[in-house]
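**Q** Sequence:
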Amino acid sequence: MDPSLTVALAIGMLLVLLLSGLPIGFSLGVTSLFFIFVVQGAVGLSAVSNIAFHSMAHFTLIAVPLYLLMGEVIIFTGLGVQLYDAGAKWIGRVPGGLGVATAGACGFFAAISGSSVATAVTIGSVAIPELRRWGYDIRFALGLCASGGTLGVLIPPSIVMVVYGIVTEQSVAMLFMASVVPGIMMVVFHALYSFLVAIIRPSMAPRATSVSWGARWMALLGIWPWVVLLLGVLISIYMGIATPTEAAALGALITILLGAFVSRNLTARKLADAVCGTVVTTSMVGIIMVGAVLFSYILAYIQVPQAITEAITTSGIPPWVVLLAINILWLFLGCLLDSISIMLLTLPIAFPVLMHLGFNPIWLGVVMTMNLEIGMITPPMGMTLFAIKGVVKDAAFTDVVAGAAPFILLWLVGLAIVIVFPGLTLWLPGTMPQ
Numbered sequence: 142m143d144p145s146l147t148v149a150l151a152i153g154m155l156l157v158l159l160l161s162g163l164p165i166g167f168s169l170g171v172t173s174l175f176f177i178f179v180v181q182g183a184v185g186l187s188a189v190s191n192i193a194f195h196s197m198a199h200f201t202l203i204a205v206p207l208y209l210l211m212g213e214v215i216i217f218t219g220l221g222v223q224l225y226d227a228g229a230k231w232i233g234r235v236p237g238g239l240g241v242a243t244a245g246a247c248g249f250f251a252a253i254s255g256s257s258v259a260t261a262v263t264i265g266s267v268a269i270p271e272l273r274r275w276g277y278d279i280r281f282a283l284g285l286c287a288s289g290g291t292l293g294v295l296i297p298p299s300i301v302m303v304v305y306g307i308v309t310e311q312s313v314a315m316l317f318m319a320s321v322v323p324g325i326m327m328v329v330f331h332a333l334y335s336f337l338v339a340i341i342r343p344s345m346a347p348r349a350t351s352v353s354w355g356a357r358w359m360a361l362l363g364i365w366p367w368v369v370l371l372l373g374v375l376i377s378i379y380m381g382i383a384t385p386t387e388a389a390a391l392g393a394l395i396t397i398l399l400g401a402f403v404s405r406n407l408t409a410r411k412l413a414d415a416v417c418g419t420v421v422t423t424s425m426v427g428i429i430m431v432g433a434v435l436f437s438y439i440l441a442y443i444q445v446p447q448a449i450t451e452a453i454t455t456s457g458i459p460p461w462v463v464l465l466a467i468n469i470l471w472l473f474l475g476c477l478l479d480s481i482s483i484m485l486l487t488l489p490i491a492f493p494v495l496m497h498l499g500f501n502p503i504w505l506g507v508v509m510t511m512n513l514e515i516g517m518i519t520p521p522m523g524m525t526l527f528a529i530k531g532v533v534k535d536a537a538f539t540d541v542v543a544g545a546a547p548f549i550l551l552w553l554v555g556l557a558i559v560i561v562f563p564g565l566t567l568w569l570p571g572t573m574p575q
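Sequential numbering of the sequence shown, starting at 142, is according to my numbering.
Simulated from the structure, these hints should not be mistaken for lab results.
In this text, a Cβ means the ideal position worked out from N, Cα and C, and glycines have one as well.
Not one of these hints is a red herring.
Cβ pair distances, simulated, as ranges:
id, residue 1, residue 2, range
1, Leu-394, Glu-310, 26 to 34 Å
2, Leu-186, Val-222, 51 to 59 Å
3, Cys-476, Pro-144, 22 to 30 Å
4, Pro-144, Glu-310, 18 to 26 Å
5, Ile-469, Val-403, 40 to 48 Å
6, Arg-274, Met-154, 48 to 56 Å
7, Cys-417, Pro-347, 39 to 47 Å
Produce the complete structure using the sequences and hints provided.
**A** Here it is in structure tokens:
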């Protein structure tokens, strides 16, 4: 069968299965098995088990359930309340102070949990009622929490970065360090936007009342162990003391101990629920990964990446045009699919092409992740939009979408800065001890 026809039919079958409601992991698996049989016959099917096994046999992949467990446990610790409370007491009096506190709480919680949905739900459930109580515009409050939640896949440790590193065979530690500066930049952008909204339209973001210095210092006491945990995980990776997987194991253990003996609200039942949630999410990620690897196997067998690379090279298309086109594709897919699915579907084709054109693989990981974050606040399938709607039952989904719209522009500005100034992502990895 002609390779072009094979690709067209495979993509068509995949779309039909997805539109029929079949989960993406199973859609990829069914499509892949069918076309492996079409292209290679029964001999090809005999290799499926080996391909599936080797796709999951990565030591680094162990980090995924460990970081997921950290995020699940942290939800039960009450950290979200402590983070927001500390931020509100310290900067609530400045223009847009509660919005700035929300942005900071989202950034810090995202750094520990590594989950966008968990960040949006946890911080949103605490911040939105307070923002409404102080008279903040409801759309602004909803959009801020939805957009702030997406920081979970950018600020390390990030599960999306782990998957990117495995698929592209890049250093996860370097990817984590590369995303630190862009992550901090986006937290600052969210805080600045809140400040500017309060200056330009004070009615949308009124000031909160001031509190005593004693209350401010007391608020910090509840979060200092978590600050130590976050710095310990990142510094151990940066210094080469621990691999991302080892740091994940240590972080998960310390998170459980802090929840049980410091916060004292992590019961055996809550820990069991956290473990169950981790198992379910890890299984979903695993199924998607196996299906995507099998789909990539077909594309590699009929040499699709090589054909695309050759076509671009011979056509003389400028590299920046190719990068722009792939960014647009990622933005579009982000409206329809989850981050890991997009990554696993597109990287087998896009990564070899972009590497041939001379782009840096570590920088590309950050660029792709920021594209995926924009998709999380873009309808119709933006995950954090639905997460925030679930938190605020009396808010219309249209209000969530309208509130998130300005933050899409904010993310696009951040993405453009990272693309134009790659040094923002590559500086910190370049300083890591060899």
